[in-house]
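Given the coordinates of chain X, assemble chain B onto it according to the supplied hints.
What follows is the residue order along each chain.
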Amino acid sequence: MAQMIKAVGLAKRYGNVEALRAFSLEVAKGEIVALVGPNGAGKTTALKLLVGLLTPTSGEAFLGGYQVYRQPLEAKRILGFVPDQPFLYEQLTVSEMIGFIGGMYHIDPGVLRERAEHLVTTFGLSERLNSRVSQLSYGMKSRLILCVGLLHEPQVLILDEPFFGLDPQSLRMMKQLLTERAALGMTILLSTHQLPIVEDVAHRIAILHRGQIVALGTWEELRRLHGGTRLEEVFFQVTNPAQASAR
Amino acid sequence: MTTPPTGRITVLRAPAGAHLFGWVRLRIWRASLRELLQAPVKLGVILSMWTILFVALYVLAYEGIRFVFDTAGLGPFLLSRLWFLFLFVVMVLLAVSQIASAYSTLVRTPETRAWMVLPVSARTLCRAKWLESSIYSSWAVIALVVPLGLAYLVVLKQPLWLIGWAIGILLIPLAGIVTAVATMGLLVWLRWLGRLVIRRELVPVGFVVACGLLFWILGEQGRDNPRDAWFVALQALLPRMQIAMAWWWPSSWMATALDAGLNTRWVESGLYAILLWMTMLGCWRLLDHLAARLLFPVLRQHAQPLTLSSGEGAARRSAIGPPVAVPLRVHWWMRQPWRALLAKDLFLVSRDPLQWSQALVFFGLLGAYFANIHKLASFSGEPSWRIGIACLNLACTLLVFGSLAVRFLFPQMSVEGRSLWMLRVAPDGMRLLLYSKVWFYGVLAVAINEGLLMLSASRLGVPLPIRWWLALVGVVSALAVVGLTVGLGAWWIDLTAQDAAQVVSSANGAMALVLMLGYVGCVVAALVAAWASWRASSEYGLFLVSIGLVVVSVMAGGLPLYGGLAKLERLELSG
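In order, the protein sequences belong to chains X and B. Sequential numbering from 1 applies to the first sequence in the numbering used here. Sequential numbering from 1001 applies to the second sequence in the numbering used here.
Bound-form chain X, shown alone (with noise of 0.2 Å):
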């Protein structure tokens, strides 16, 4: 099956601090893969480096086969990026952002047109195509992040954080968008602190602590290889097994 993540021993390092440690991942193509880990791991640091918002201090990184920082421009037409924090440029309105990313990637006016349309109904900002993005409250804007991160249909998707400030309802829709996709072919890579969500939709999970990775798998093997009926045990019991026997 083709990789369409991959990344090779990619390490980030600050001053003394080891953000990053030989991070090895690969993501085949229509998989969705959950990065989670505590704070300070290295998640938002791990796709960074893969987006190319970062570069690493050793390490190579591979998008559908390019490779991130000797061909950024043939990785980043095929990458769809949505960060931690929805920052969006305020002073332009949701349709007028929507217009602007669809402009950076080239896209046709009608085919633009026909996605914006589906994908604002979807997220459900029809109502709110004339705000502007300041007026808009956090969860919108995470709503809104996640359609022009969709806008170009890319064919991967590294998401930092996808699920903080949803509501319930947006949260189911947003599960169920992102099993759509995946069956559509789409790679996923998301980074998140929801652990019953990873349990539901990713079907591979990688657990990072301290800047690498000490667990990866499907959750029957983590479950197999760790023990315990939910995820947030195993997670204790690779990150910190004192609190776990304590629980």
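Source of the hints: derived by calculation from the structure; they are not laboratory data. Bear in mind the structure is a predicted one, so any value in this text is a computation, not a measurement. Hints should not be assumed to be uniformly reliable.
[Said to hold, decoys possible] One-sided and incomplete, this derived list gives chain B residues near chain X with beta-carbon spacing under 7 Å:
no.	residue
1	Asp-1345
2	Leu-1348
3	Arg-1418
4	Ala-1426
5	Pro-1427
6	Arg-1431
[To be verified] Restraint ranges, calculated between C-beta atoms of paired labels, are given here:
no.	chain 1	residue 1	chain 2	residue 2	range
7	B	Gln-1336	X	Tyr-69	23 to 29 Å
8	B	Thr-1496	X	Leu-171	28 to 34 Å
9	B	Ile-1046	X	Leu-171	47 to 53 Å
10	X	Glu-221	B	Val-1024	50 to 56 Å
11	X	Tyr-69	B	Leu-1365	48 to 54 Å
12	X	Glu-74	B	Arg-1335	15 to 21 Å
13	B	Ser-1121	X	Arg-210	49 to 55 Å
14	X	Asn-130	B	Gly-1548	51 to 57 Å
15	X	Asn-130	B	Val-1361	29 to 35 Å
16	B	Ile-1046	X	Glu-117	49 to 55 Å
For each residue, glycine too, the CB sits at the ideal point set by N, CA and C.
Leaving out everything else, chain B in the frame of chain X:
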């Protein structure tokens, strides 16, 4: 079971009420001061610029006051009357400035909403915010009055310590009265007439139109005999000064106290000083009572649209969109993603009046001045002097544009800040972003500069070949300034900055200003050399000057862009 922390935590003891506000401000200012002291270049640049400004103001005021003072038989009388006019204008400007400052610090700032949920009374909150906004709005007035007052005392051969009395005893209560009344007016307006909000976009337009009319009116005085223009203008001015000299204005009290003090009538001066102080205290108490009744209703009323953001309100606020969208439809020939980037910048700039209102005011005033400059042509028939004035106008336009470019173009990349990830993950986003900014602001700068230069040259009757040369210099220098400021902004990008003002006031901002001034200095030197060549009819000299200017401009604009692009391409967005 959780283990209690073993380390000792030191908690600073903070005072309560209004003192708490001062305590917070003191800590913020102290941190800023420490930061400033750690950046000697920035500190040096700021101090030098203030010194130059202060000395220049003093020299200008000294020459002007001496000129009026030496007017046979009328000098001292005129000067005492002019103080009434000056202080009246200061009072009006201070009131306008205070309304804007109080609206910003009291109503619009998110901090106020945070204070509203603390156990702080409306009086305390209003008092603290009034004090803060008064400092913001009146420090520049005091900075203007000091050199003027010193020059006045020197011309009148009076002891210089009197400036302390004028500022400390007379000007401070005057400022207190004006700012308190303006704040009260703002509260009353927002409480009962809040819906009749004047659009922010209209304020600078109105200001420029008013100044243009003033220039026109003044320019039409004394057409018959230019040599007597001063006396004719004065004759027209003195009857109008009656408004400024009316006894009920606090500015008149200060002017009278000043005049009495300079003529050693200390009792009269002292009584007026007491009147000023008592009035200020009265206004303060009145503001206290008004705030107790109105402040929280006003804040609740005006905080609402910001948080609820109804669809109707949103549509109304984005009403500026359609006029801007028209040129966007027109530029259909432009390829994506240039079109998307241009549209983004157009929308963002047009919706932020702060971005363009200062440019409109400065360029509008220059335009109004250039439009009325034709009288200079009638003073001197010598073409070389007209060319000289046209060159001076070019330098002046460039200096204004350069200052605005450092204020607004230099922080452009930094204020993209946290939204920059969108372009970083888009194919070729960073290069396109940099070039689109140069393209967008370059075209805008060339259009404005050329418009002003053509206006100046045509009003002065400058010969056609010289007009073309000046137009060429205008294009080259405008593009160089854009390249310099946008390029340096990318090179020294600061993604931690909270806003544009913080970027501009940083050490890098000061350095960008120095480099911009250096480049404008080069252009001025080239203009002087070119003027000398014209006077000497040396075409070879003019050619050399032109080549030199183009080379310097390409380097000034190109090198920062090259460095800026390299920086952007390897920029890490870790935050």
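Q: List, from low to high, the hint numbers that the structure doesn't satisfy.
A: Numbers 1, 6, in rising order.
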